[in-house]
Amino acid sequence: MDNQKPQVNIEDLVKELEQCKKEKEEYLNGWKRAKADFINYQKDETKRIDEVMKFSNEMLIRELLPVLDSFQLSLSVMASPAREDAGARRGVEIIQSQFEDILKKHGLEPIKALGSKFDPSLHEAVEEAESDKESGTVIEELTRGWKLHGRVIRPARVKIAK
Amino acid sequence: MPKIIGIDLGTTNSAVAVVEGGEPKILENAEGNRTTPSIVAVSKAGERLVGLLAKRQAVTNPKNTISSVKRLIGRKFSDPEVQGDRKWLPYEMKEASNGGVSIKFGDSWLTPEEISAMVLAKLKADAEAKLGEKIEEAVITVPAYFDDSQRQATKNAGEIAGLKVRRIINEPTAAALAYGFNKKKNEKIVVYDFGGGTFDVSVLEVAEDTVEVKSTGGDTHLGGDDFDKKINEYLVSEYKKQEGVDVSKDPLALQRLREAAERAKHELSTSAETEINLPYITSDASGPKHFLLKLTRAKLEDLVKDYIDRSVELTLKTVKEAGFELKDINELILVGGQTRMPAIQQAVKKAFGKEPHLGVNPDEVVAIGAAVQAGVFQGDVKDVLLLDVTPLSVGLETLGGIFTRLIEKNTTVPTTKSQVFSTASDSQTSVEIHVLQGEREMAGDNKTLARFILDGIPPSPRGVPQVEVTFDIDSNGILNVSAKDKATGKSQSVRIEASTSLSKEEVERLKNEAAKNQAEDKQKRETVEAKNNAESLIYLAEKSVKEAGEKVSEDIKKLVQEKVDALKSVKDGNDVQKIQSAAQELSTEVQKIGQAMYKNEKSEEPKTDDPQPPVENK
Chain A
1 MDNQKPQVNI EDLVKELEQC KKEKEEYLNG WKRAKADFIN YQKDETKRID
51 EVMKFSNEML IRELLPVLDS FQLSLSVMAS PAREDAGARR GVEIIQSQFE
101 DILKKHGLEP IKALGSKFDP SLHEAVEEAE SDKESGTVIE ELTRGWKLHG
151 RVIRPARVKI AK
Chain B
163 MPKIIGIDLG TTNSAVAVVE GGEPKILENA EGNRTTPSIV AVSKAGERLV
213 GLLAKRQAVT NPKNTISSVK RLIGRKFSDP EVQGDRKWLP YEMKEASNGG
263 VSIKFGDSWL TPEEISAMVL AKLKADAEAK LGEKIEEAVI TVPAYFDDSQ
313 RQATKNAGEI AGLKVRRIIN EPTAAALAYG FNKKKNEKIV VYDFGGGTFD
363 VSVLEVAEDT VEVKSTGGDT HLGGDDFDKK INEYLVSEYK KQEGVDVSKD
413 PLALQRLREA AERAKHELST SAETEINLPY ITSDASGPKH FLLKLTRAKL
463 EDLVKDYIDR SVELTLKTVK EAGFELKDIN ELILVGGQTR MPAIQQAVKK
513 AFGKEPHLGV NPDEVVAIGA AVQAGVFQGD VKDVLLLDVT PLSVGLETLG
563 GIFTRLIEKN TTVPTTKSQV FSTASDSQTS VEIHVLQGER EMAGDNKTLA
613 RFILDGIPPS PRGVPQVEVT FDIDSNGILN VSAKDKATGK SQSVRIEAST
663 SLSKEEVERL KNEAAKNQAE DKQKRETVEA KNNAESLIYL AEKSVKEAGE
713 KVSEDIKKLV QEKVDALKSV KDGNDVQKIQ SAAQELSTEV QKIGQAMYKN
763 EKSEEPKTDD PQPPVENK
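Protein sequences, first through last, are from chains A and B. For the first sequence, the tail end lands on 162 under our numbering, and the numbers increase by one without skipping. For the second sequence, the tail end lands on 780 under our numbering, and the numbers increase by one without skipping.
Errors might be hidden in some of the hints.
[To be verified] Example chain B residues on the side facing chain A (calculated, C-beta under 7 Å, incomplete):
1. Arg218
2. Pro224
3. Ser264
4. Trp271
5. Leu272
6. Val327
7. Pro450
8. His452
These are computed hints drawn from the structure, not numbers from a lab. Where is the CB? At the ideal position from N, CA and C, for every residue including glycine.
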C-alpha cells in the first residue's frame, strides 16, 4: 500500500501537470490574443477617427459640389461676348476662387478631363459625339469632376469622341 | 480561422459583410463605397470593367455593358421573363446549346454565371484587400422565389469566382437573421423588400432551427428607380409650365435634374419640404434660365401613391397565399433603400397595424444577415477569457468628505488605476485612506470597504508630500488598495475580497439612489470643492505674503490681506457663487505678488500642481 501510493500520485501529478501545461498554453495564448486585439483596436481606433473626420468633411463637401457647378455655369454665361458686365464677372470669379481655395485646403482637387483619354475611374461618359479627335477622347467637360484626398468623390461628366 | 464572407448579390447593387469580433459589418469596396453596382463591361479599349467603373461608361457603351444579369441567371432562354427582359436590356443575347441564355460580351459569348462571377470576383478581391487576408468561402443570398436551377447557377458563379459557396440562403431569411429572429420560435414574419429595380414580399415562419418560406410575391419590375423617374417627369413638366422651356432634350440639364430629384427624394424622408435649386439650368434668347421649385412630401407621396398602394396590395395577397391572417403576423421587416420613405413605412404599418423593424440599414440588412450565417460556419474564437466588469465605482474619501473615484463603474477587470494625493495641513505625518464603493458624490453616502492609515510621512507644508494611491481589481474581483509615500517609499495596503460580492438587487438599488440624488449630490460636492479651494487659496496667499517680506510693497500686501479676509468671511457659508467670486478676486490679487517677485526669484521647488484635493487628515 505504502509503496503503491506514491506511484499513483506521480501518475496523477504528471497528468495534472500536463493538464496545467495545456491550460497554461491556452490561457497564455488567450492573453496574448486579447492584448494583441487591444493594441490593434487602439490602432484601428485612431485610423477610424481620422476616417470619420475625413468622411464628415466629405459629406459636407459633396453637398457643396452643385454650388461649384453653379459658379462655373454662371461664369460661362457671363463670358458670352454680348455682355459688358466685366466688373461683375470678375467679382464672381474671385468669389469662386475664394470658395475653391478653401475646399482645396481641405483636400479637394479638380480632375483633369478635357483632351485626355476617357478613363472610367475618373470620368463618367454622358454622351458621344462625332469629332475629329481620336475615338475615346474627352471633347467636352459638362461638369467638373473632383477628388477628395486623392479619392474620386465625383467623376467628371464628359462628352467623348465617337 | 479564415473568414467567410456574406454576399448580397443584387440585381442592381451588391454588398459584402463579414463577422469580426462577433459583430457583422459591411466591407467597403476599393472605391470606398458600401455597395457595388452589379454591372460589368468591356470598354472600347478592350478592358474589362466591373462595378462603378462599368456603370460610368454605360451610356456610351450600352452593347457591351451588362447589367441586371440576375434576371437571366439559371433561366431558360425561352422563359417568358427572359423574353420580356430581352426587349429592354440593351445588350445582345441568344439561346445557348443547353437551352440557357448566352450573352455577348466583347468578342465572346458568356453565360450569366460567368458574368455574375466577375461581380463576385471583384467583391471577393475588395473584401480581401479590406481585411488583409485571403477569402475562400462565402454565403450568397438569392430571392426566395429562385428555383433550383437559379440557385445552382448562382452557386456556380461563386465557384467560378474562386469562392467555395458554403450555402445559398434566401434574401428574406438573411434579413430575419440580421434581426436575430431565427431564435424566436413559431413566429411569422413578413419581409417587404423594395429595392432599386424589384419589389419582393416573402412570408416566413420560424420553426425549430429552420426558417421556412411560406409564400413569395412581388413585382420584378417595380422599384425605387420608378420613383425617381416619376419625380423627374414631374420636374420637367413643371418647368415647362413655369418657363415654357422643355429641358428633356438637354442631357446635361436632365442629368442635373435627375440628381436633384434623387436628393430631393432622400431629403423628403426626413423633412416635409425641400427646395430644388438649379441655377443656369438652360438658356434661351432672353438669357440664362434657372430652375427653382419647392417640392413637398405630400406632393411626392401623391406622385408615387400608385406604386405604394400596389406594393401593399401585393403584400396582402402574399400573406393570404401563405394561409395566414394579417393578425397572425408577428414581425415586419423592411428591406431596400426605398423603404426609408415615411409614406411606405406608414402604409405598411397601417396595413398590418404594427410597427415595422427599421434598425438595420435597409440597403445592408441582407448582406449583414448573410454574414451572420457565415459567422455561424466560421465559428468564432472560443472564449477562454470571460471578463467581468465592476458593477459600482470604487474610490476614496478626500478632503471635505468628497468621494473621489479611482475606478469607474463598468470598467472591465482586471484593471489598475493610481493617482497621487497629498496632505491637507502643515506637518501632517499620516493620512487615512478610506476605501469606498458607490455612485454618490459624498463619501458618507457610499459603502465603506476598508480604512487604513499610512504614517511616517516626514513633516512638511501641506500639499507637498506625494502619496500615490493604487487601486487594483484582479480577474476574481479582489480589490487591492495600496498607498505609498513617494519621499520615503513607505507603503501600506489592504486587500478587500468582497468588493464585487454585492447582490444584483443591491447594485441596482445603489445605482438608483445615485441617479435620484444626482443633482443634490453634485451641488454638495461643488460646495465642498469651493470651500477646499478657498482654504488652499487662503493658505497660499498668507504664505506668499509672509515669504515675500520686503520684496513686495505694503500696498499690494494690504490689498491681498483684504481679499483674504473677504474670502474667510464667506467660505464657511453655503453660497458657492459668493465663495467662488471671492476666491477669484483673491487669486487675481495674489498673482500680483508673483509678478512683483518674478523678476527677483525665478526657480523654486516644484509646487504641488496636484489638481486633486488633498487626502483628508484625521
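Cross-check of the supplied hints:
Because the closest C-beta pair between B:Arg218 and chain A is about 4 Å apart, less than 7 Å, the hint holds. For B:Pro224, the interface hint is violated, since its Cβ never comes within 7 Å of a Cβ in chain A; the closest pair sits about 10 Å apart. Because the closest C-beta pair between B:Ser264 and chain A is about 26 Å apart, greater than 7 Å, the hint is violated. With a least beta-carbon distance of about 24 Å to chain A, the hint placing B:Trp271 at the interface is violated under the 7 Å criterion.
Restraint check, B:Leu272 versus chain A: the minimum CB separation of about 20 Å is more than 7 Å; hint violated. The interface hint given for B:Val327 is broken, as the beta carbon of that residue sits about 30 Å from the closest beta carbon of chain A, more than 7 Å. The restraint placing B:Pro450 at the interface with chain A holds, with a minimum CB-CB distance near 5 Å, inside the 7 Å limit. A hinted interface residue such as B:His452 counts as satisfied when its beta carbon comes closer than 7 Å to some beta carbon of chain A; here the least separation is about 9 Å, so the hint is violated.
In summary, the numbered hints that this structure violates are 2, 3, 4, 5, 6 and 8.
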